[in-house]
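Between the sequences and the hints, there should be enough to build the whole structure, so can you do that?
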Amino acid sequence: MRLRTALGSTASVVCALALLSACSSGSGTASSSGKPLVGVDYPRSDTDFWNSYIKYTPQSAKELGLDLKTTNSQNDVAKLTANAQTFISQGVKGIAMAPQDTAAIAPTLAQLEAKKIPVVTVDTRPDSGKVFMVVRADNRAYGEKACQYLGTKLGGKGKVVMLEGGLDSINGRDRTEAFNDCIKKNYPGIKVFGEATNWDGAVAAQKLQTDLTANPDIKGVYMQSSFALAGTLQVLKQKGLLVDPKDKKHVFVVSNDGIPEELKDIAAGHIDATVSQPADLYAKYALYYLKAAIDGKTFKPGKTDHDSTIIQVRDGLLEDQLSAPLVTVDGGTYGGVPSVKSDDTSLWGNNLG
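Under our numbering, think of the first position of the sequence shown as 5, with each following residue one higher.
Simulated from the structure, these hints should not be mistaken for laboratory data.
Don't take each hint at face value.
[What the hints assert, rightly or not] In silico lysine to aspartate or glutamate, EDC-like type, Cα no more than 16 angstroms apart, as pairs: (1) LYS307 - ASP142; (2) LYS195 - GLU181; (3) LYS195 - ASP215; (4) LYS243 - ASP215; (5) LYS268 - ASP334; (6) LYS59 - ASP284; (7) LYS241 - ASP215; (8) LYS163 - GLU199; (9) LYS161 - ASP221; (10) LYS345 - ASP334; (11) LYS195 - ASP185; (12) LYS134 - GLU117; (13) LYS268 - ASP348; (14) LYS268 - ASP248; (15) LYS39 - ASP71; (16) LYS241 - ASP251; (17) LYS253 - ASP221; (18) LYS345 - GLU265; (19) LYS120 - ASP299; (20) LYS163 - ASP215; (21) LYS39 - ASP299; (22) LYS252 - ASP221; (23) LYS134 - ASP319; (24) LYS195 - ASP172; (25) LYS250 - ASP348; (26) LYS243 - ASP221; (27) LYS304 - ASP319; (28) LYS163 - ASP221; (29) LYS83 - ASP105.
Encoded structure:
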């Protein structure tokens with residue numbers, strides 16, 4: 005695999021030390037197999053997206069020749085901090101994590117940096133602190149793609165509900181701000197009801213129900229991830245609005261994630277679009293960059309060989325922005341945004357065995 009890498013002058017020393025450490029028995033820095041030991045903290049296991057990521061992670065570790073320790077912080081930054089301490093005691097040589105509270109993780113990142121344990125964050129980017137690489141898609145693009153799709157479908161006027169994730173997360177902020185900015189700039193005739201949900205499906209369903217009761221002429225819903233999928237469909241069904249897209253009563257729904265259920269719902273006409281967030285590539289490249297860190301490699305901004313771009317977010321922080329296409333039933337272009345058909349075999353959601 006080729007990426008734009010730059011080996012520092014001490015790279016050979018780092019690699020040699022990494023190899024010696026990995027081969028030493030009883031030190032806890034590697035398994036009995038001699039493979040580098042890394043830790044991966046799963047942020048939660050109550051959504052189809054993250055359960056898919058959990059499934060892909062051991063597969064990717066095996067392909068890359070890494071041994072794996074895993075924990076689950078269950079959307080709790082205190083548990084994530086404790087899990088990081090567990091990894092330290094186990095002697096891992098790198099940690100991948102997906103902090104949901106992107107501000108509160110800073111002290112843990114500082115501790116790991118002091119111990120020279122490289123960190124890769126997946127899906128989220130810390131508000132402060134250093135990590136070796138951030139692996140995520142362009143979350144502002146998620147909000148913009150949802151805006152362009154709904155703006156096109158509604159003809160630039162009407163009312164939509166945005167079921168926001170958590171604004172303590174960079175993802176929730178990026179998607180919310182980008183959607184609002186895009187609507188204001190391109191579709192000023194659309195009124196947006198922004199509803200904070202903290203990534204809670206029950207809260208999202210309750211707020212959508214309230215909005216539809218007060219505004220029965222709402223014609224669009226933007227769910228910032230599939231956490232809200234089941235509740236949204238249930239509310240629309242109760243309101244008699246879960247109808248064919250050609251029906252005048254149809255409410256256009258855009259999601260984010262690209263899980264198998266979303267793709268099936270697009271084909272069935274229950275929802276209309278999603279942005280496919282690459283669970284498989286998150287697992288693959290989180291571990292790829294951990295291995296690279298252990299091997300002493302560094303990276304620079306620029307195009308990669310896997311259809312992504314590494315950007316510099318701030319001094320000392322790089323982010324590999326993986327591809328995340330808009331998915332629709334027809335593969336059309338909406339507001340200048342091209343889409344992929346929901347049955348396209350390139351989508352990970354169509355290949356999850």
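Against the structure, the hints come out as follows:
1. In summary, the hint linking LYS307 to ASP142 is supported, as the alpha carbons are separated by about 14 angstroms, within the 16 angstroms threshold.
2. Distance check on the hinted pair: LYS195 and GLU181 sit about 15 angstroms apart at the alpha-carbon level, within 16 angstroms; holds.
3. Straight-line distance between C-alpha atoms of LYS195 and ASP215 comes to about 12 angstroms, which keeps the hinted pair within the 16 angstroms bound.
4. Distance hint between LYS243 and ASP215 is fulfilled; the C-alpha atoms sit about 12 angstroms from each other, no more than 16 angstroms.
5. For the proposed pair LYS268 and ASP334, the alpha carbon gap of about 13 angstroms is at most 16 angstroms, so the pair holds.
6. Restraint check: the Cα-Cα separation between LYS59 and ASP284 comes to about 9 angstroms, which is no more than 16 angstroms; the hinted pair holds.
7. This hinted pair checks out: LYS241 and ASP215 have alpha carbons roughly 15 angstroms apart, not beyond 16 angstroms.
8. With a C-alpha separation of about 13 angstroms, the suggested pairing of LYS163 with GLU199 holds against the 16 angstroms cut-off.
9. Of the supplied pair hints, the one linking LYS161 and ASP221 holds, its CA atoms being roughly 11 angstroms apart against a limit of 16 angstroms.
10. Distance hint between LYS345 and ASP334 is fulfilled; the C-alpha atoms sit about 5 angstroms from each other, no more than 16 angstroms.
11. For the hint linking LYS195 to ASP185, the alpha-carbon distance of about 12 angstroms falls within 16 angstroms, and the restraint holds.
12. Distance hint between LYS134 and GLU117 is fulfilled; the C-alpha atoms sit about 7 angstroms from each other, no more than 16 angstroms.
13. Between LYS268 and ASP348 the CA atoms are separated by roughly 12 angstroms; this keeps the pair inside 16 angstroms, and the hint holds.
14. For the suggested pair LYS268 and ASP248, the alpha carbons sit about 14 angstroms apart, so the restraint of at most 16 angstroms is met.
15. For the hint pairing LYS39 with ASP71, the CA-to-CA distance comes to about 6 angstroms; that is within 16 angstroms, so the pair holds.
16. Simply put, LYS241 and ASP251 have alpha-carbon atoms about 14 angstroms apart, close enough for the 16 angstroms limit, and the pair holds.
17. Annotation: proposed proximity of LYS253 to ASP221 holds, straight-line Cα distance about 9 angstroms (limit 16 angstroms).
18. Restraint check for LYS345 and GLU265: satisfied, since their Cα atoms lie roughly 15 angstroms apart, inside the 16 angstroms limit.
19. At roughly 13 angstroms between alpha-carbon atoms, LYS120 and ASP299 fall within 16 angstroms of each other, so this suggested pair holds.
20. For the hint pairing LYS163 with ASP215, the CA-to-CA distance comes to about 10 angstroms; that is within 16 angstroms, so the pair holds.
21. Distance hint between LYS39 and ASP299 is fulfilled; the C-alpha atoms sit about 12 angstroms from each other, no more than 16 angstroms.
22. In summary, the hint linking LYS252 to ASP221 is supported, as the alpha carbons are separated by about 11 angstroms, within the 16 angstroms threshold.
23. The hinted pair formed by LYS134 and ASP319 meets the criterion: a straight-line CA distance of about 9 angstroms does not exceed 16 angstroms.
24. Among the hinted pairs, LYS195 with ASP172 is inconsistent with the structure: their alpha-carbon atoms are about 24 angstroms apart, more than 16 angstroms.
25. Restraint check: the Cα-Cα separation between LYS250 and ASP348 comes to about 23 angstroms, which exceeds 16 angstroms; the hinted pair is violated.
26. The hinted pair formed by LYS243 and ASP221 meets the criterion: a straight-line CA distance of about 12 angstroms does not exceed 16 angstroms.
27. The suggested pairing of LYS304 with ASP319 holds, with an alpha-carbon distance near 12 angstroms, which does not exceed 16 angstroms.
28. The hinted pair formed by LYS163 and ASP221 meets the criterion: a straight-line CA distance of about 7 angstroms does not exceed 16 angstroms.
29. With a CA separation close to 12 angstroms, the supplied pair LYS83 and ASP105 stays within the 16 angstroms bound.
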